[in-house]
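Protein chains: 2
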Amino acid sequence: MQLVLLSGGSGKRLWPLSNNARSKQFLPLLEKEDGGMESMVQRVVRQVKEADIDAEITLATNASQLDIITNQLGDAVSVVTEPERRDTFPAIALAASYLKLHKQCDDDEVVIIMPCDPFTETGYFRTIGKMAECVKKDVAELVLMGISPTYPSAKYGYVVPGQGADGEWLPVARFTEKPTVEVAKQLIEQKAFWNGGVFAFRLGYIMDIVRKHIQSESFEDTRSRYAEFPKISFDYEVAEKAHSVAVVPFSGEWKDLGTWNTLTDELHHTAIGNALLGPKCENTHVINELQYPIFVDGLKDVVVSACPDGILVCAKKETENIKKYVETLEHRPMYEERRWGTYRVIDDSTYDDGSHSLTKSITLQPGKNISYQQHHHRTEVWTFVEGEGIFVLDGEERHVKAGDTVVIPVEHWHAIKAVTRLTFIEVQMGNPLVEDDIVRKEWDWKD
Amino acid sequence: MQLVLLSGGSGKRLWPLSNNARSKQFLPLLEKEDGGMESMVQRVVRQVKEADIDAEITLATNASQLDIITNQLGDAVSVVTEPERRDTFPAIALAASYLKLHKQCDDDEVVIIMPCDPFTETGYFRTIGKMAECVKKDVAELVLMGISPTYPSAKYGYVVPGQGADGEWLPVARFTEKPTVEVAKQLIEQKAFWNGGVFAFRLGYIMDIVRKHIQSESFEDTRSRYAEFPKISFDYEVAEKAHSVAVVPFSGEWKDLGTWNTLTDELHHTAIGNALLGPKCENTHVINELQYPIFVDGLKDVVVSACPDGILVCAKKETENIKKYVETLEHRPMYEERRWGTYRVIDDSTYDDGSHSLTKSITLQPGKNISYQQHHHRTEVWTFVEGEGIFVLDGEERHVKAGDTVVIPVEHWHAIKAVTRLTFIEVQMGNPLVEDDIVRKEWDWKD
Chain A
1 MQLVLLSGGS GKRLWPLSNN ARSKQFLPLL EKEDGGMESM VQRVVRQVKE
51 ADIDAEITLA TNASQLDIIT NQLGDAVSVV TEPERRDTFP AIALAASYLK
101 LHKQCDDDEV VIIMPCDPFT ETGYFRTIGK MAECVKKDVA ELVLMGISPT
151 YPSAKYGYVV PGQGADGEWL PVARFTEKPT VEVAKQLIEQ KAFWNGGVFA
201 FRLGYIMDIV RKHIQSESFE DTRSRYAEFP KISFDYEVAE KAHSVAVVPF
251 SGEWKDLGTW NTLTDELHHT AIGNALLGPK CENTHVINEL QYPIFVDGLK
301 DVVVSACPDG ILVCAKKETE NIKKYVETLE HRPMYEERRW GTYRVIDDST
351 YDDGSHSLTK SITLQPGKNI SYQQHHHRTE VWTFVEGEGI FVLDGEERHV
401 KAGDTVVIPV EHWHAIKAVT RLTFIEVQMG NPLVEDDIVR KEWDWKD
Chain F
448 MQLVLLSGGS GKRLWPLSNN ARSKQFLPLL EKEDGGMESM VQRVVRQVKE
498 ADIDAEITLA TNASQLDIIT NQLGDAVSVV TEPERRDTFP AIALAASYLK
548 LHKQCDDDEV VIIMPCDPFT ETGYFRTIGK MAECVKKDVA ELVLMGISPT
598 YPSAKYGYVV PGQGADGEWL PVARFTEKPT VEVAKQLIEQ KAFWNGGVFA
648 FRLGYIMDIV RKHIQSESFE DTRSRYAEFP KISFDYEVAE KAHSVAVVPF
698 SGEWKDLGTW NTLTDELHHT AIGNALLGPK CENTHVINEL QYPIFVDGLK
748 DVVVSACPDG ILVCAKKETE NIKKYVETLE HRPMYEERRW GTYRVIDDST
798 YDDGSHSLTK SITLQPGKNI SYQQHHHRTE VWTFVEGEGI FVLDGEERHV
848 KAGDTVVIPV EHWHAIKAVT RLTFIEVQMG NPLVEDDIVR KEWDWKD
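Residue numbers (the working numbering), protein chains in the order written: chain A, 1 to 447; chain F, 448 to 894.
These are calculated hints, taken from the structure and not from any lab test.
Some hints here could point you the wrong way.
Said to hold, decoys possible - Ranges of calculated distance between the beta carbons of each label pair, as one might list FRET restraints:
id, chain 1, residue 1, chain 2, residue 2, range
1, A, P409, F, T517, 35 to 43 Å
2, A, E289, F, K770, 25 to 33 Å
3, F, V854, A, S224, 43 to 51 Å
4, A, P409, F, M484, 36 to 44 Å
5, F, E774, A, V183, 55 to 63 Å
6, A, K323, F, E774, 33 to 41 Å
7, A, D106, F, P726, 54 to 62 Å
8, A, E320, F, E774, 31 to 39 Å
9, F, T867, A, R440, 46 to 54 Å
Just so you know, these numbers come straight off a predicted model, no measurement behind them.
Cβ atoms here follow ideal geometry from the backbone N, Cα and C, with glycine treated the same way.
Between the sequences and the hints, there should be enough to build the whole structure, so can you do that?
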C-alpha cells in the first residue's frame, strides 16, 4: 500500500510562527507522551507507524519545503516536489506518476491520499485500512473517508451517501461544496459526511486519468512538463467524474489546527519559551521563540506569539482574520530551517548614509555544508562562536573554530562545512535591493 | 533663583521600557507641539524655560544617569550626582552643598526643589514663582506647593493648612503621611492639599541643617563623605521640623505618569514603532522599539510594549502590579544610552559546548569616543557598517570605515572615536560570568 501525504502551502493564519518556509504542519508544538515536542507532520507519520499500516509513505510537497521535511522526517519518507504550485489534482497526479514511473509500483497497488496534518487519533488510521480493503474488494473506483460532522460547518465540503451498504461503507450519491450553515444543517439531516480529503484507489485508475494530460514513460519527464496539468482540484477532476464512489465513515477526533484558536486548545502548556503569565490571565497562551522575556497579565482568551517574523497579540476569536492584516507586514523571512541547519536574522538595519547591514546567527549541523558560492553585491564577515569546521575561500580549504573571523569580499568564492555543530555570526553589507545575489558551483571537499 | 530637579531611581513599573539605565523620566514618549517627541524631564526643562522663570537648573541624580542626562539635556543644566542612593534629604543636602560650595551662591538665594518629571502645565511653574516670592517676603522658613486633590488618594502625603493667609499662601498646620482612603476623605473636607514634593527656601536655611551633619568648605569633600548623611527623607528631616511652613496652592493639571495606565492616557498615538492595530482594538496602546513587526487585534484596555529588555502584554488596570513579576525576569540591560551614543544587544547565546557570544549593534555620535580599554576574558570582533572613525589598537591609530573589520584579542588595548556617525556590529566571545571585565586608561587622540 502506498500512502501519499499532501503537504500544503504557506499559512499566514498561524503568523508569525508559520511563514513561506515553515508551514503550520512543521511547527514543533505538539507534546508527545514522552514529553518531547513534535510537529503535525511528525505526529501523523508516527501515528501511521503506530497504527501498523503496512504502507510506504510519500510526501507530495512544494520544493521550498524539501529542507524542512528532510530535517524533520529524515529518510522515513520519499518526497515528491512540485516544480510550482498548481492545485490538488496536479499534485496527486505527480505523486502517482512517481509511484508508477519511478518506484515502479503495480497498477493494482492501493494508493491512499491524505492531508499531512490532521489532528486525529488511531481510529482515523484504522479507517484508512478499511478504505484499502474496500478498494481491494472493488466496491468502487474511488473510496473516500466520510467524517461524521459535529456541527453544521460552512468550512468543509460534504459527501451525501446514497442507498445500499455493507456496514463498512456506503455508496456516494453526490458531493456538495462548502455550503451555508443553513444548507449544512439540512445535509447533516440527510446523514451527509464532511469530506476530509482522504481518498483510496488503485494506482492504475489514477494513471489512466493522468495519461489524458501527460503521456510519458519517465517521471522526470512528467515533472518537467508539470505545467501541462490543468489547475484543478482532485474533487473536480476525479471524484465528481468517477463512475462509482464509496464512503467509509469515521467518527473519532479530527481537527484542523489551522488557526491559533484551534491550535492553542491542543497545547499542554500556557507558556512555551521564555514567558511568564501573571495570576490574572485566563485561557491565554504565549509562544515565545525570541530571546526577549515576555510577561503577560490580565488577559482572557488571548494568544501571544513572538517569533523572528513578528509578534502577534490577538483575541483568540479574532485569529481567523489575521491573514489579511499580517500580509501588509510582510518582509524577508527572519528564520529558516534549511537542509544544512538553521539561520536567524538578528538585525536588519539601513543607515542614514544609505548603507545596509544584515546580521544573522547561522548554525550548521555536523557534517553538513553550505554550497560553494559568490556574491556580486555584498561582503560578508563571519565570526565563529561555536564548534569547528572547514572553510573554503577561493579554492583554499582551512580549518576554523570558535573565536576565528573570516572576511569574504565581493566576488570571492566561499563555502563552509561543519565538523562539529558550528555556529557563526554573519554580518552582510551591501545592496539590499539586489535579490538572489548568489552564484553557486560545485566544490569537491578534500577534508 | 536656583531650581533643583530631583531625578529618581530605576523604575520597574514601566518595564520593559524603563530599566536601571533608563528611568521613566528619560523615555522619549511625549509629543511636542511640533510633532517631535520628548521625555518627561525634557518636557519639564522646556516648560521651565517657557514659563520665563529666571532660574538656573541643577539636576540631582544618581551617577548611572549622567550619560543619558547629557544626551537629553546637553549643557542646559548642571548635574550633581550622588555617589550612592540614600534618600531625599541627603540628595537635597548634596545639591545645596553644590550650590553653596561649588557655585558659590549667596545664602539669601532662593532654592526650589521639585521632582524632575511631573506631567503638568504652565500654572505649576507660575506657582513656583509665587513660592519664590513668599520666600523672599519671609512668610515662612519653608514654602511648599499644595496640590488640590481631585480624589481621596492613598498614594500621596497630605498638607493640612492652618488659620490665616494673604490669598497667595496659607500657613501649614501639619503633615500627614499616605493615609487610608477614609482618612483622605476627611483630610479633603479639612481643605488639605497633596504634597507634591515642591519646596522653596533660602540656601542659608538648608545649609545650616546640612552643617549639622557635615561641616566642610569643599563640595568634593562633602560628596566624598556622602555616606555620613542619614538615610532620611526631606519631609522628616526638614519639613516636619521647620518652625514655620507655608503652602501655596496649585489646582491645575498634575499627574504622575509612573504606570502604563497613566502614561498611555497621555500618548497621542495608539501605535509607536513598527506596529499595526486591527479594527477590533479598543483603548489599546502598542509601543514597539524592536525590529519585529507587531500585530494586535481584539484587545480592550491593554498595553503592549516590546523593547530590548523584554515584552509586556498587560491589561492596563493590572500594570501597577507588574513590578514584582518582572523583577524575576531580570537579565543584563539590552539597550543603553551612553555619553558616546547607544548600544543594543541583538543576540545573547550560550552554546552546547559552554561557549558564549554576545552580539551588539553600537552607534557613536560624531566626535564621541569609547574609552581606551582592555579585557582579560573576552575577544571582540567589530564590523563597521556605517560611517567612519579612528580606531586604536595597542597604541596605533588607524582610520576605519563601513566595510572594515577589526579583531581585538584578549588583553589588547583598544578605543574608537567617531568622525561621522559610526555604527558597528560587535561580536564578543568569552566568559559571561566574569563581570566588569574591563580596564581603562587615558588615550591622547592624535587625530
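Query raised in the report: Taking 46 to 54 Å as the hint, is the beta-carbon distance of T867 of chain F and R440 of chain A inside that range?
Result: 37 Å, violated
Query raised in the report: Could one say that the CB atoms of P409 of chain A and T517 of chain F fall in the range 35 to 43 Å?
Result: Since P409 of chain A and T517 of chain F have Cβ atoms about 39 Å apart, the given range 35 to 43 Å holds.
Query raised in the report: So does E289 of chain A sit 25 to 33 Å from K770 of chain F, Cβ to Cβ?
Result: 26 Å, holds
Query - Satisfaction of the hinted span 31 to 39 Å by the C-beta atoms belonging to E320 of chain A and E774 of chain F - result: 37 Å, holds
Query - P726 of chain F and D106 of chain A - C-beta distance against the hinted 54 to 62 Å - result: 57 Å, holds
Query - Range agreement (Cβ of E774 of chain F with Cβ of K323 of chain A, hint 33 to 41 Å) - result: 38 Å, holds
Query raised in the report: Quick one: are V854 of chain F and S224 of chain A within 43 to 51 Å, going by C-beta?
Result: Cβ of V854 of chain F to Cβ of S224 of chain A: about 49 Å, so the range 43 to 51 Å holds.
Report task. Hint says 36 to 44 Å; check whether the CB-CB distance for P409 of chain A and M484 of chain F agrees. Result -> 40 Å, holds
Query raised in the report: Taking the beta carbons of E774 of chain F and V183 of chain A, is their distance inside 55 to 63 Å?
Result: With a Cβ separation near 57 Å, E774 of chain F and V183 of chain A satisfy 55 to 63 Å, so the hint holds.
Comparing the model with each earlier hint shows a violation of hint 9 alone; every other hint is respected.
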